[in-house]
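Protein chains in written order, with the numbering used here: chain A, 246 to 360; chain B, 51 to 164.
By construction, these hints were calculated from the structure, which means they are not laboratory data. Note that the structure is a prediction, hence the values are computed from the model and not measured.
Derived DSS-like pairs (lysine-lysine); straight-line CA-CA distance at most 27 Å:
hint, chain 1, residue 1, chain 2, residue 2
1, A, LYS287, A, LYS323
2, B, LYS118, A, LYS287
3, B, LYS118, B, LYS156
4, B, LYS156, A, LYS302
5, B, LYS108, A, LYS287
6, B, LYS156, A, LYS323
7, A, LYS328, A, LYS302
8, B, LYS108, B, LYS119
9, B, LYS156, A, LYS328
10, B, LYS119, A, LYS287
11, A, LYS287, B, LYS156
12, B, LYS156, B, LYS108
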Amino acid sequence: EPEVTQTPSHQVTQMGQEVILRCVPISNHLYFYWYRQILGQKVEFLVSFYNNEISEKSEIFDDQFSVERPDGSNFTLKIRSTKLEDSAMYFCATRPRDKRNTEAFFGQGTRLTVV
Amino acid sequence: AQSVTQLGSHVSVSEGALVLLRCNYSSSVPPYLFWYVQYPNQGLQLLLKYTTGATLVKGINGFEAEFKKSETSFHLTKPSAHMSDAAEYFCAVSSGGGADGLTFGKGTHLIIQP
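All chains should be built: construct the whole structure from the sequences, respecting the hints.
Shown next as structure tokens:
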């Protein structure tokens with residue numbers, strides 16, 4: 246069964262450093278998302294990406310964050326100048342070409358720890 | 051704007067008992083509704099979804115949910131709980147269009163007592 250793959254599974258970084266979280270979508274999926282889950286809290290939408298541009302972003306997704314799909318396969322989330330409160334599980338999700346199939350497939354997540 | 055309310059951050063049931071996890075939503079457009087399950091240290095797995103058509107939807111692992119528009123609810127049930135059902139359950143809503151993201155509830159931690 247096809248799956249969304251995220252790397253790394255766990256990343257520890259020092260406050261102020263930049264991190265890049267990577268996601269390999271399911272082949273032929275066209276809609277890409279990043280979500281965040283702070284420990285013990287709900288899953289929060291960060292950003293959606295379609296046709297090589299951001300479609301929608303939440304209040305959380307400020308100038309500290311950016312997304313891109315540089316090589317047509319990997320979908321990345323960059324967090325500049327990380328803060329302690331950025332520590333969370335970050336999930337990538339993708340949806341297929343057909344809009345009527347609205348199911349999002351989630352990756353296993355990257356646990357980011359900022360120290 | 052969309053929102054999801056899950057009543058009860060923790061629900062405890064005995065093995066073999068009925069599981070009922072509550073979800074209420076608000077949406078300005080006809081909603082698409084989802085239940086996801088998260089096992090410890092794992093990602094989110096889709097249990098079931100409602101988009102259009104039959105309001106009672108069946109999912110994996112014996113779970114089902116009923117969309118009730120008049121009550122703006124999408125409660126998740128399972129007739130007989132199993133120890134392996136212990137997990138975090140998230141209800142989510144989207145408008146279903148384009149690249150629209152999901153809005154999640156806060157989650158309900160299901161505990162199964164032996």
